[in-house]
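Enquirer: Residues per chain are reported as follows:
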Amino acid sequence: DGGITQSPKYLFRKEGQNVTLSCEQNLNHDAMYWYRQDPGQGLRLIYYSQIVNDFQKGDIAEGYSVSREKKESFPLTVTSAQKNPTAFYLCASRWGGGGNQPQHFGDGTRLSIL
Amino acid sequence: GNSVTQMEGPVTLSEEAFLTINCTYTATGYPSLFWYVQYPGEGLQLLLKATKADDKGSNKGFEATYRKETTSFHLEKGSVQVSDSAVYFCALSLLDTGRRALTFGSGTRLQVQP
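Taken in order, these protein sequences are the chains called X and A.
First residue of the first sequence: 1, per this note's numbering; consecutive thereafter.
First residue of the second sequence: 1001, per this note's numbering; consecutive thereafter.
Hints were generated in silico from the structure; no laboratory data involved.
Think of the CB as a built atom: it goes at the ideal place given N, C-alpha and C, for glycine as much as any other residue.
Among the hints, erroneous ones may be present.
Not the full set, but computed from the structure, chain X residues with beta-carbon under 10 angstroms of chain A [as the list claims (entries may be wrong)]:
(1) P8
(2) N26
(3) Y33
(4) G42
(5) R68
(6) K70
(7) L90
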């Protein structure tokens, strides 16, 4: 079945540590996105990528980094510069063609501070 | 800027009651509109969408009509079930922005009691 796989489901970060969240899709989608969700709030865009080897900052990119070396993969690194990383992180992808295609989401990674 | 406003929750209903979750939007262009549903501990699933004025999206008994004159996209269901308990997000997407990311409302939690 086609879909988006995020791993791990739960992740713990120590002070001063960088951690990387994995996102893989087999939908052959061009565009991929990372969102952050805080309790009782909507989702906020961290980074997005429309094509391989290209990505752009979203609304809350500070303290995060990404790479897009392959079409199916878009990992997110939460760096030590992100002072409040505890949140639920959602990866999404979207077909890059014309029209109004919806985004498809993975099941998320919950990041907590040790 | 673009924004989405949803009614605050939680919304608590008895099984078989009628559901309305209000959603209004502000957009600089002509958006596509979406409703997503999130079950506990999971990612978001697309529930329905509408891409132009007066379009009605529908799925699993849920409906929403794109009302350009009132900039609204209210979600309705005639008879809710316990299994509909979840958080519902209204979102918009604009084609004329390069990123085509979603702008989300803050979500409305629905609790359906037997």
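Enquirer: Each hint: holds or not?
Expert: Checked hints:
1. P8: violated (14 angstroms)
2. N26: violated (16 angstroms)
3. Y33: holds (6 angstroms)
4. G42: holds (4 angstroms)
5. R68: Where the cut-off is 10 angstroms and the nearest Cβ of chain A is about 14 angstroms from X:R68, the hint is violated.
6. K70: violated (20 angstroms)
7. L90: The hint holds - X:L90 has a Cβ within 10 angstroms of chain A, the shortest such distance being about 6 angstroms.
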